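Chemist: Residue-level listing of the chains:
Number of protein chains: 2
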Amino acid sequence: MRPRSGGFRRAVLPALAVTPLPADAPRRRIAYDPRNPLARPFASQLGAFRSGTSTPRAFLEECLDTLTRDEPAIAAFVTLGLDAARASADAATARWREGRPLSLVDGMPIAVKDMIETIDMPTQMNSPIFAGWQSRRDAACVAAMRQAGAVIVGKSVTTEFACGNSGPTRNPYDSARTPGGSSSGSAASVGAGMVSMGFGTQTHGSTIRPAGYCGAYGLKPSLGALHTGGLAPLGPTLDHLGIIAASLEDAWTSAKAIASIAGGTPPHPGMRGPMETPAALRPATLVRLNTLGWAETPASSQAAFEAAVSAIAAAGVTILDASNDAGVAALEAELARIDDYATDLLAWESRAALGAYRAHGDHMVGARVHDLLERAAGMDTARYERGLAGRQRLRDLVAGFAGRVQGFVMLSSSGPAIADHAYTGSRNYALPWTMVAAPSISLPLLVDQELPLGLQIAGFAEGDAETCAIGAWLRDTLLKH
Amino acid sequence: MRPRSGGFRRAVLPALAVTPLPADAPRRRIAYDPRNPLARPFASQLGAFRSGTSTPRAFLEECLDTLTRDEPAIAAFVTLGLDAARASADAATARWREGRPLSLVDGMPIAVKDMIETIDMPTQMNSPIFAGWQSRRDAACVAAMRQAGAVIVGKSVTTEFACGNSGPTRNPYDSARTPGGSSSGSAASVGAGMVSMGFGTQTHGSTIRPAGYCGAYGLKPSLGALHTGGLAPLGPTLDHLGIIAASLEDAWTSAKAIASIAGGTPPHPGMRGPMETPAALRPATLVRLNTLGWAETPASSQAAFEAAVSAIAAAGVTILDASNDAGVAALEAELARIDDYATDLLAWESRAALGAYRAHGDHMVGARVHDLLERAAGMDTARYERGLAGRQRLRDLVAGFAGRVQGFVMLSSSGPAIADHAYTGSRNYALPWTMVAAPSISLPLLVDQELPLGLQIAGFAEGDAETCAIGAWLRDTLLKH
Chain C
1 MRPRSGGFRR AVLPALAVTP LPADAPRRRI AYDPRNPLAR PFASQLGAFR
51 SGTSTPRAFL EECLDTLTRD EPAIAAFVTL GLDAARASAD AATARWREGR
101 PLSLVDGMPI AVKDMIETID MPTQMNSPIF AGWQSRRDAA CVAAMRQAGA
151 VIVGKSVTTE FACGNSGPTR NPYDSARTPG GSSSGSAASV GAGMVSMGFG
201 TQTHGSTIRP AGYCGAYGLK PSLGALHTGG LAPLGPTLDH LGIIAASLED
251 AWTSAKAIAS IAGGTPPHPG MRGPMETPAA LRPATLVRLN TLGWAETPAS
301 SQAAFEAAVS AIAAAGVTIL DASNDAGVAA LEAELARIDD YATDLLAWES
351 RAALGAYRAH GDHMVGARVH DLLERAAGMD TARYERGLAG RQRLRDLVAG
401 FAGRVQGFVM LSSSGPAIAD HAYTGSRNYA LPWTMVAAPS ISLPLLVDQE
451 LPLGLQIAGF AEGDAETCAI GAWLRDTLLK H
Chain P
1 MRPRSGGFRR AVLPALAVTP LPADAPRRRI AYDPRNPLAR PFASQLGAFR
51 SGTSTPRAFL EECLDTLTRD EPAIAAFVTL GLDAARASAD AATARWREGR
101 PLSLVDGMPI AVKDMIETID MPTQMNSPIF AGWQSRRDAA CVAAMRQAGA
151 VIVGKSVTTE FACGNSGPTR NPYDSARTPG GSSSGSAASV GAGMVSMGFG
201 TQTHGSTIRP AGYCGAYGLK PSLGALHTGG LAPLGPTLDH LGIIAASLED
251 AWTSAKAIAS IAGGTPPHPG MRGPMETPAA LRPATLVRLN TLGWAETPAS
301 SQAAFEAAVS AIAAAGVTIL DASNDAGVAA LEAELARIDD YATDLLAWES
351 RAALGAYRAH GDHMVGARVH DLLERAAGMD TARYERGLAG RQRLRDLVAG
401 FAGRVQGFVM LSSSGPAIAD HAYTGSRNYA LPWTMVAAPS ISLPLLVDQE
451 LPLGLQIAGF AEGDAETCAI GAWLRDTLLK H
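So the sequences go chain by chain: C and P. Here UniProt numbering is used: the first residue of the first sequence is 1, the next is one more, and so on. Here UniProt numbering is used: the first residue of the second sequence is 1, the next is one more, and so on.
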């Protein structure tokens, strides 16, 4: 799996099962420090690019040094395009030197989740069905980031069709643990410092959870706010393009570059807000949520979250929760039952795509794909419509908090990354905001068992900028301690 | 272009320009008779299949005889799969013999517009960019029709990306004329009697117009009512799957087979209505519309339409029009200005896909693709949102007629097929119902200059079954004379 130094490495996927790393591979274990993560922010380089003390090419080489050293243990990429990446970085270097960068992400090294089509590399979706398969277009988000000057390093590992069998990727902080899924490779490559941003997708929990597991920032914007054209569809009313990044600034400027060039998924005009990352904003009131995930969260992670909530309250924010607010209690009650209808919605909406893949043969798709198709086969239109109604009820409940509170705070996952490579973790903390269609951000601010633990801030539909501003305040406040 | 008798003919597209038929090809000219069209209905065979006096295989061979004779002059197909088609027809034959057909379309020979992905044939979109390109899945509609037992004869010619340069296809009633676009090959193959149904798509006018030009029935269902998964996207909020068929029954049963198996585009649950074609229903009141197309319609076509409206009125239907109803006058006024915002919506929404294609090189896409991209480049979010608002205004105007009238009647096109192969005709009659998202059906009931002229009946969103029932009544009433 060692990347060649140039050209495309086009790994044709060997099998559906998790590819074990060599048995003699030493266990990689690095204690997470949120003030000194492995992730390599791009935004903090812009001053050096402007002053000429660094360049996008020099920054890329730092990333590639890490990639060359760590990729054998992490296996974040399925395809690399290093010659093209270096050429792009050189072009960005020339633009910064001339004082005419294309955007705030000009020269940013990025990874493209292998569910997303690229004109110059295969899109294989961790499925033997798509081994070596070549699209002939860039997805809207890829085209936009290219136009903004970003440097595409390669295609990052996904779980099978973003819902099935896991890939070979390991967590950058502990190679015995999952990086999360389905955006496994993007989260691991960003968390490890190989790139500053990786595209994720989120249909249930696939951006927020892996970002939290890998010590990266994860942005799931308002539904439709970033164009999903060229992403292999799973659940058309659930699929979000997600951004996993080394800093909140990298996440925001990437999302805005896409929104300003490609727009949103029609008819959404595209994510609202300024091109520059919104300044930190202290909220007056936040809702603290436990969600269905609390019961499965280890006590040590619960304690880390409680400490964060206490620090937020100590900084002057009023905290509402199910014990002191009837509206929150009602919301928690609804969140306790979303799993069933969320899975119904996914099963029903994904059956067209997954069924077409299974047509290649039952043995060509994994067990989870079969499970989703079986569930859909047992459904009827009325049950799908009940799922839609449930989701609308949840959206209405959340919208009812507008004006009273500025956001919702909870964990990003049920504890830190689990010591499993086949299971990518529970989505119980991420699922609510996928369903609500409102923005949420995973902030890599907490630590449990020396591993990254994400804190999630969510807001109201179309309030992406406000949610980002609160996220910046949470970061500044919690890292101060 | 002569098809081989078996296996796939995989024509790799040579160039963007219209491919001229051989100079010595005799002009094909057949007078259209709506009571005795070339089109070959499948539904009328079901009794013979049940009684054993015919079989799907025998019916397919009739279709293939026509195809073998006429395809050189019509050029409806880009890829044929005749061995597979015969095997499918044999399987359907066995099922009918056992009295256990899979559906009302079991054994129906169909054509798949080459904008729609198939697991077993290339999808080339009349673009050199996609020459020989192979998807690895069936589109939702293809998978559904296969599951219902349909016999896929081949991939039918489209204009470039369903919006650009025309293909080689000729009108089956006059080879000097266009079959219409972008569903050129599907309309021509159905109109000529090579298949009983062909998939179309309609983003502006691409199902209703070619169906009308070629003497076929065209069904554009309610927006989202038939799953668009696996159709190359053009305008995501405009794209409809369309059905072009040899009879109203063939159109309805095909659409219901798809809706019942694949559902609609999420969150639409799928086209409502019975599996069997709704019985003819006489409406109490219809609105007669001229639309923006009237001024460009030749007097002879206007006369054919006036005669039809008179016959409808004589059969007891109250006709409202702009001269006797203020609501209709307001609707006509809005219809006179939809072209501008409809084109804005298309340009803005298609820029992601078309821009990604143009990335292959400016010379790799045609002039109309460039024009759309140029228009989008001159737009901003506010202008797109004005387009959305205009469309909503039109939808509200039409919805205001609910309860007062049962449908809207107008031509399907500005006269019969024009004598041009590069230009596929005006979409001014088809565009309104694409924008409104309500169902419309082109009925091949009128004749002008010995050519087919479509009569269009449109209804209210989700009222597909009612619109079909009125279409059946119009057919029965107008063919009686």
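Mixed in with the good hints there might be a few duds.
Claimed, not checked - Selected chain P positions facing chain C (in silico; Cβ < 8 angstroms):
no., residue
1, Arg136
2, His227
3, Thr237
4, Pro267
5, Ala329
6, Ala330
7, Glu332
8, Ala333
9, Glu334
10, Thr381
11, Arg383
12, Tyr384
13, Leu388
Stated by the list, open to error - Chain P regions said to be covered by chain C (calculated; three or more residues, Cβ under 8 angstroms):
no., segment
14, 118–126
15, 138–149
16, 356–364
To be clear, the hints were calculated from the coordinates, so they are not data collected in a lab. Remember, predicted model here, so these are calculated numbers, not experimental data. We treat Cβ as the ideally placed atom computed from N, Cα and C, and that holds for glycine.
Chemist: Now tell me, hint by hint, if it's right for this structure.
Modeler: Taking the hints in turn, this is what the structure says about them:
1. Arg136: Holds: closest Cβ of chain C sits about 6 angstroms from Arg136 of chain P, inside 8 angstroms.
2. His227: 6 angstroms, holds
3. Thr237: 5 angstroms, holds
4. Pro267: 5 angstroms, holds
5. Ala329: 29 angstroms, violated
6. Ala330: 24 angstroms, violated
7. Glu332: 26 angstroms, violated
8. Ala333: 24 angstroms, violated
9. Glu334: This hint is violated: Glu334 of chain P lies away from chain C, its Cβ roughly 19 angstroms from the closest one there, beyond 8 angstroms.
10. Thr381: Check passed: Cβ of Thr381 of chain P comes within 4 angstroms of chain C, closer than 8 angstroms.
11. Arg383: 10 angstroms, violated
12. Tyr384: Because about 6 angstroms separates Tyr384 of chain P from the closest Cβ in chain C, which is inside the 8 angstroms limit, the hint holds.
13. Leu388: 6 angstroms, holds
14. 118–126: violated (count 1)
15. 138–149: holds (count 4)
16. 356–364: Satisfied; 4 residues make the cut.
Hint violations for this structure: numbers 5, 6, 7, 8, 9, 11 and 14, all remaining hints satisfied.
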